[in-house]
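In the order they appear, the protein sequences are chains A and B.
For the first sequence, numbering that gives the first Met the number 0 begins at 0 and goes up steadily by one.
For the second sequence, numbering that gives the first Met the number 0 begins at 0 and goes up steadily by one.
Reference listing, derived: stretches of chain A covered by chain B, where coverage requires no fewer than 3 residues with Cβ under 8 Å from a Cβ of chain B:
| no. | region |
| --- | --- |
| 1 | 347-355 |
| 2 | 360-372 |
| 3 | 402-408 |
Worth flagging that the hints you see were computed from the coordinates, not collected in a lab.
The C-beta atom is built at its ideal place from N, Cα and C for all residues, glycine as well.
2 protein chains.
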Amino acid sequence: MNQSDLLNYPGSHRVYEQGKLHPEVKVAFREIVQSDTVLPNGETHSNSPIRVYDCSGPWGDENYQGTIEEGLPPMRADWIARRGDVEEVCRDGRVWMQAKPGRGITQRAYAKHGIITPEMEYVAIRENLGREQTFRAIYDKYPNEKSRPDYVQHELDKFTQEMPRPSELEAIEGFGPNRLEARENLSYQHPSRKSGANMPTFFTSEYVRDEIAAGRALIPVNINHPECEPMIIGRNFLVKINANIGNSSLESTMAKEVEKLRWAVHWGADTVMDLSTGKDIHMTREWILRNSPVPIGTVPIYQALEKVNGRVADLNWDVFRDTLIEQAQQGVDYVTIHAGLLLRFVNFTARRMSGIVSRGGSIMAKWCMIHEQENFLYVHWDEICAILATYDVAVSIGDGLRPGSIADANDFPQLAELEVQGELTMRAWKYGVQVMNEGPGHVPLHLIKENMSKQLAWCFEAPFYTLGPLVTDIAPGYDHITGAIGGAMIAQQGCSMLCYVTRKEHLGLPDKEDVREAVVTYKLAAHAADLAKGHPSAQLRDNALSKARFEFRWDDQFNLSLDPYKAKEYHDKTLPHANAKKAHFCSMCGPDFCAMRLSQDIRNRDEKNNNLI
Amino acid sequence: MNQSDLLNYPGSHRVYEQGKLHPEVKVAFREIVQSDTVLPNGETHSNSPIRVYDCSGPWGDENYQGTIEEGLPPMRADWIARRGDVEEVCRDGRVWMQAKPGRGITQRAYAKHGIITPEMEYVAIRENLGREQTFRAIYDKYPNEKSRPDYVQHELDKFTQEMPRPSELEAIEGFGPNRLEARENLSYQHPSRKSGANMPTFFTSEYVRDEIAAGRALIPVNINHPECEPMIIGRNFLVKINANIGNSSLESTMAKEVEKLRWAVHWGADTVMDLSTGKDIHMTREWILRNSPVPIGTVPIYQALEKVNGRVADLNWDVFRDTLIEQAQQGVDYVTIHAGLLLRFVNFTARRMSGIVSRGGSIMAKWCMIHEQENFLYVHWDEICAILATYDVAVSIGDGLRPGSIADANDFPQLAELEVQGELTMRAWKYGVQVMNEGPGHVPLHLIKENMSKQLAWCFEAPFYTLGPLVTDIAPGYDHITGAIGGAMIAQQGCSMLCYVTRKEHLGLPDKEDVREAVVTYKLAAHAADLAKGHPSAQLRDNALSKARFEFRWDDQFNLSLDPYKAKEYHDKTLPHANAKKAHFCSMCGPDFCAMRLSQDIRNRDEKNNNLI
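Generate the whole structure from the sequences, applying the supplied hints.
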């Protein structure tokens with residue numbers, strides 16, 4: 000199988016759900032179709048298709064015909080224009096949109112004014128994962144509480160825990176008063192099943208707006224990136240993951256970067272950071288932006304440094320400002336800015352095990368040392384925020400002093416910078432800029448909680464966006480896993496987005512297989528946290544897959560998994576014959592020892608006994 | 000590179016540390032040699048070798064010449080014979096050792112009588128990982144507190160937190176009164192660095208004995224498996240991992256199983272379970288036992304079922320008892336027995352998402368249903384314990400009703416069985432049998448803690464031994480990772496041993512690469528938990544690797560990692576030239592953007608400034 004075959008998901012097709020407030024909103028999902036369950040008596044019953052979150056944009060639509068030379072259709076162009084608060088500017092052969100003077104055009108500004116934008120409705124629908132349909136199916140199938148299997152009951156319990164207003168529910172077709180009544184009779188709630196997160200049962204556009212207004216969430220969507228499908232980053236929503244791409248001076252070409260982008264979003268990257276440092280940074284980014292259905296993040300200081308030929312001493316505010324404006328006008332959705340790294344912190348890193356491991360952080364630290372001046376990104380923070388607000392570029396306040404080894408975790412320089420990140424957050428919010436904070440790094444398991452709780456407290460609940468954290472230093476070659484362990488844990492505690500780490504971390508540049516492995520690994524870590532946080536519909540997919548597994552619907556099991564091709568490939572290695580996909584046993588135990596089969600026999604017996612009564 | 004090359008660790012050699020109480024005890028470690036640090040002024044200083052825990056037995060000794068046909072030398076044969084409480088029996092052409100009538104010959108029995116066996120001293124030395132030497136090195140290098148880098152100070156703080164008695168310390172060469180005084184002046188203790196675990200600073204033979212007597216730990220060493228090197232399973236020691244091997248009716252041969260065993264212990268499996276279900280179970284096990292330096296576990300019901308030709312209905316106490324005795328006399332170190340699965344629990348599994356997924360569990364459940372009788376393993380528990388005590392076979396009380404999907408986690412059947420496991424634990428202890436309890440399974444992150452705390456409370460702090468837990472169902476092909484995430488978390492909370500899950504879980508039979516990937520993945524998860532629990536010397540290896548990384552000692556970085564060959568292979572993919580191993584940058588950022596190098600420049604500058612003062 001060649002790699003382009005992998006760009007399809009088997010047993011899946013694209014579906015869209017339309018907005019109600021904004022009918023122009025059409026949210027893309029991937030729907031996985033399931034085969035029927037065959038009961039021992041030969042009876043069959045159908046299994047509902049499962050809708051899953053889909054980052055792949057138009058490329059994931061089997062009817063889409065576009066090429067990467069044309070770029071994706073500018074879905075949001077109308078939404079942006081219709082608001083009447085931006086203007087088109089042409090200068091030096093370039094064209095861009097910017098806020099009209101005095102107008103607040105960020106999603107935060109709208110939210111603060113109580114406005115629900117199409118972007119907000121888009122993410123509200125997106126986060127629900129088609130739940131309405133699923134609960135309708137459950138009620139239809141198990142009208143009587145007593146007949147419901149425990150796992151169904153469990154789903155319903157969660158549903159009733161935070162009941163939407165009845166009027167809202169009735170608006171959902173099929174949820175009449177009778178069903179509401181039935182739901183009120185439910186009582187069982189396993190006490191330990193409660194999670195700590197403040198997750199609503201149902202995501203409404205109002206809820207999205209209020210979370211953005213409170214600064215607890217952001218939708219990174221530059222007005223100059225109309226190809227971008229809105230997505231939300233915040234701890235009361237699905238945990239998101241970021242994949243890094245970008246050429247370095249050692250490798251890569253432009254077309255390869257677009258290919259990497261497409262590959263990353265296919266496997267489920269919610270945002271992509273372009274960390275290019277080589278030649279042709281501007282043009283590479285142009286190709287990426289025009290072809291990206293997900294928000295693109297950058298670290299502008301890299302390009303600024305290229306402009307001064309790699310001489311850190313020659314960096315200055317002017318060249319940085321021009322670079323930032325260039326990227327903002329081009330359409331970058333969020334930028335990492337290492338403004339929290341202050342001159343007085345730098346000396347403290349000399350006694351560290353691993354000094355400074357952040358690229359941006361070490362550039363700024365070196366600049367501060369050379370000039371014996373305060374970090375110019377900190378000094379010019381207000382001007383930076385004014386620029387970002389003009390294009391609705393979100394800021395990801397960098398953690399230039401993040402620990403690069405277990406020994407340095409939660410030390411003074413790291414926490415000192417975090418405190419400054421909090422100050423910068425509050426100041427950026429005043430300009431209407433959407434904000435998140437970057438976090439470590441290398442942190443042992445028992446110190447992760449402190450990172451999360453201090454970030455929430457010191458940065459006023461702004462979303463946290465962490466790299467890993469990696470929970471040990473001794474596993475180079477396996478650092479996607481050390482990072483996924485820390486990532487799952489910090490996400491459970493409230494981290495909103497995880498930056499992936501590939502197995503090549505610390506060693507080399509990731510190839511496509513490394514990116515696939517890393518994206519899927521972080522998807523599963525993020526999903527584990529979604530389950531733990533009590534995201535209302537996250538578990539539907541687990542349940543569907545487990546039911547398929549239990550019923551030996553092998554193809555459904557593959558199709559429902561995060562990486563269907565790998566699941567099938569591993570199965571085929573032991574049992575390559577096509578009829579093994581229908582076998583009522585698997586290779587691990589062989590036909591006589593199959594636990595699943597024995598236990599199905601028990602269930603069948605139980606059903607027979609019940610029928611006799 | 001062919002796979003037999005992988006059976007060496009580069010830059011490493013075998014060292015032994017002798018017992019004091021029992022001079023016949025010689026504990027094997029692997030010592031990783033490091034190259035010198037080269038300072039910018041050309042000065043060099045040496046880096047101490049790092050000792051690591053070594054599961055590979057004589058095979059890891061570069062001077063060992065034995066073949067798998069001969070089997071390993073019976074290291075413990077003398078220790079066992081000298082105690083004078085066992086007798087040799089020959090019957091039907093077989094020879095075995097058993098307790099003399101009325102004698103308690105289990106490690107638990109000895110511990111209860113205050114006896115420190117060679118096995119106990121062995122594990123005490125083994126758990127310390129050569130710490131004495133390391134601290135001596137630190138004191139020699141940084142006699143003045145002010146000169147100590149933060150990470151060194153951190154190690155010393157932990158050391159002083161629970162000070163050994165001065166007399167003990169003075170017995171360690173080089174730790175005179177002066178040094179003690181210096182240590183008492185240390186005051187800095189980062190509050191968040193404290194971990195919850197009750198981990199001592201220094202493992203003594205007395206401590207090992209007391210933990211075993213309390214039932215909080217066990218040393219699974221059958222008197223008929225003298226080839227086995229003692230290792231301890233308990234939550235106040237290093238977290239251990241188990242690898243499963245075994246032929247099924249679909250695949251595998253005997254020699255292949257021995258090869259798998261050797262492969263698994265090379266990568267770091269602390270124990271190995273032989274889960275064979277096919278033909279020649281007895282002979283396969285013989286080969287495995289005679290060649291295993293680690294404890295071998297089995298699930299005797301599998302072989303019992305083979306004896307009745309796979310007909311569950313025909314199983315009975317007699318055939319099980321005979322099988323158990325056969326295995327105990329052969330040398331199996333611990334056995335999984337699903338005695339906690341009671342008849343009255345079985346019906347509750349019919350409403351589950353995934354029914355019963357444990358092989359042993361489904362066999363016993365089916366037997367109970369067919370005969371409408373109580374589980375004969377529960378009924379005959381006292382007789383089972385008496386057999387186990389005769390050979391010092393430890394029991395791992397199985398969790399036949401463990402959840403097989405997120406939906407079933409922590410449900411009634413699972414927790415009901417756990418309660419019975421507690422009852423059985425207490426009863427086994429009365430016979431002097433060493434006990435651990437098996438645990439789930441599929442459990443979402445937020446329900447893991449309940450598993451651990453209920454197990455500790457209901458099973459009287461007996462060691463917990465879990466499969467994963469897997470924190471989501473949707474990642475077949477990546478279940479080594481879903482299991483490692485849950486494993487790291489439950490181990491941090493007190494789980495003593497993790498059973499690995501390979502990426503083929505749910506899909507097929509693992510091959511050698513799958514086993515390698517899984518063992519290393521679980522090693523890193525276990526190590527992450529060791530760090531979090533505050534194991535006194537676990538972090539030394541992280542520190543050494545991070546220092547090597549910071550100083551661009553590439554080969555040291557590879558050699559110190561859990562899988563040196565993979566680390567080097569990944570590095571070579573981007574920078575294949577030999578001189579890149581000495582490059583003061585790496586492939587990720589290229590020479591101009593190297594954060595590590597920039598940050599070394601800062602440190603060098605700092606040192607220069609200090610010298611000027």
